[in-house]
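As given, the protein sequences belong to chains A and B, one line each in that order.
With this note's numbering as the guide, the letters of the first sequence map in order to residues 1 to 249.
With this note's numbering as the guide, the letters of the second sequence map in order to residues 1 to 249.
Derived by calculation from the structure, the hints in this document are not laboratory data.
Since copy identity is lost for identical chains, a pair holds within one copy or between any two.
Quick list of in silico lysine-lysine cross-link-like pairs, DSBU-like style, CA-CA up to 35 Å:
1. Lys218 to Lys204
2. Lys44 to Lys140
3. Lys156 to Lys44
4. Lys205 to Lys225
5. Lys156 to Lys109
6. Lys109 to Lys140
7. Lys205 to Lys156
8. Lys140 to Lys156
9. Lys125 to Lys140
10. Lys225 to Lys156
11. Lys205 to Lys185
There are 2 protein chains.
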Amino acid sequence: MYDATAENTTTTLNALQATQLFGAMSETASYQLFAASQKITMDKDSLLYLQGDNPEWFYLVLSGWVKVFRETFDGDEAIIELVGAGQFVGECTPLEGNTHTCSAAVADKAVLIRLPISLLGAAIKEDHKFALAMLENVAKKRLSQMKEIEGLKLQKADQRIGCFLLQQCNGQPSGERDLTLPYGKSLIATQLGMQGETFSRAIKKLRNATDVQVTKNKVTVPDLKKLSEFVCAGCSNQYPCKTPESDKA
Amino acid sequence: MYDATAENTTTTLNALQATQLFGAMSETASYQLFAASQKITMDKDSLLYLQGDNPEWFYLVLSGWVKVFRETFDGDEAIIELVGAGQFVGECTPLEGNTHTCSAAVADKAVLIRLPISLLGAAIKEDHKFALAMLENVAKKRLSQMKEIEGLKLQKADQRIGCFLLQQCNGQPSGERDLTLPYGKSLIATQLGMQGETFSRAIKKLRNATDVQVTKNKVTVPDLKKLSEFVCAGCSNQYPCKTPESDKA
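So here's chain A without its partners, still in its complex pose (with noise of 0.2 Å):
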C-alpha cells in the first residue's frame, strides 16, 4: 500500500535523514533518492524479494520487523538477519553482482520506504564519501555475523538465548530487568538456529541456571550479573559488548 500524504512525506524525510547512509551522500543524491522514495505498508509474510532475484529496489524499516532469510528446496528457513526499525535491508547488492543472496520477507507488520537500488549503486560508483560509508556498513554487518559465527559454534542453546536477552537490556550493567520480547519465540527460536523443541528445553536450563522467568513474551531477569556471567562464559566478549548490530544503519 502506497501512501504519499504530505504527512508522510515529512516521516520519510526525517527517517532517512536519521541513517549514516543518507547523511554521507551529496545533497543531489540525496534529494534524487529522496523524491523516489515511497512509503508502504506491508502485512506479515509479504515478501520483499527473493534470493537469486535482480534487485529494483532496496528499503529503510520504519516500524515492524523484515527477516532476511535463506531458504532451502524443502522449505527450511536459515534467519540471516532480523532488521527492525531505522535499518536497511537489500541495500548491499550492488556489492554482490547485483543479485539478491538472500530472501526477505516481512515477519511482523512493516511500515517501509522504498527506495531505488539504481540510485544507491550510482552513488556508490560516483562518490568516495558514500562508498566509504557503505564500506563502514558493510564492516558493521560482518561483524555481527562474525559474533554470531562465534555463538552458533561456542556457546549452547540456553547461552544463546541468554546472550538474545542480555542484547534488549540495552547495556544495563547488573540489577533485576523486566522484558517484552520484541517478537515472536518461534522467531527468535528460528533466528537462534533452533528446533522448537530445543529452545523450550534451553529457557528451561536457563531458568535453572540463572533464575531468568520467561512467560508468554515477558521475560523477568532476576539479576543481570548472573545472567551474563552464564552467557558470556562461552564468548570472547563481555557484557555489554558492542553491539554493532544495534547501531544506527
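Guided by the hints, dock chain B onto chain A, whose structure is given.
Chain B in isolation, oriented as in the chain A frame:
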C-alpha cells in the same frame, strides 16, 4: 624470520600483483606498499595478532594456513576463517575502528608477506577506485559468512562435513573423486564448530549415507552426485555453488 633476497622480492611482487586489491591501487600507493613489504616464515601456532590489539600489519598468505579466531576466557576457540595462499588476513581493520576484531595464528607453517596497515588505510581514504575494491572484498567475505551461518543453522553435522569436502572438488559435477584433506581433521572439526566426538560420529553417518571414505587425510568420494544431493538438501544453494571464499582476494 624476515627474508629480503632478490628472489624473494620477485615472489613478493608477483604474489601482490595477483590480488584484486593490489591491482586496484594507484601506481604510487602500490609501489609504496611493495617497498614496505616483508616476506616472513612463521611456525605453527605463531600468533599474528590478538583480538582487541591495534593493528600494525596486515598479511598476504603465500603458503600454509592462518586461522582467524575468537577465544573465550576458558580457551575455547571459534574459527571465523581459515585463510590460505593468495588471500589477505587482517586487511579489514581500517574499517573496524583500527582494532583487530579477531585473533590470528598460524594453523600450519606459513609463509606470509607482511604489509603496513597504515598504507592500506590511507589508500581507502584517498582513492575511490581502491575503496570500491575494498567494498567488493568485504562484501565477498560477508557473503561467505552468510553461507556459513546458513549451514550452521540448517545442516546436520554430516552434511556440513560433506559440504566441506564438496568445496575441495573444484566444481566437478559427478563421478568419482579422490581428495587429500587440506589440513588436519581436528582443525576441520574446530572450523565446523564440532567437538572431536561429534566429528567422528558424523563421518560415520556420512559414509553410511554417501559411501564417502575418510582414512587419515585421504578421502574417496565414489559418487559426487550422491554426495551433493545429500549435502545440498540442507542448503539454499545447489552444488557446484558459488564459493566467494575461493575467489582471489
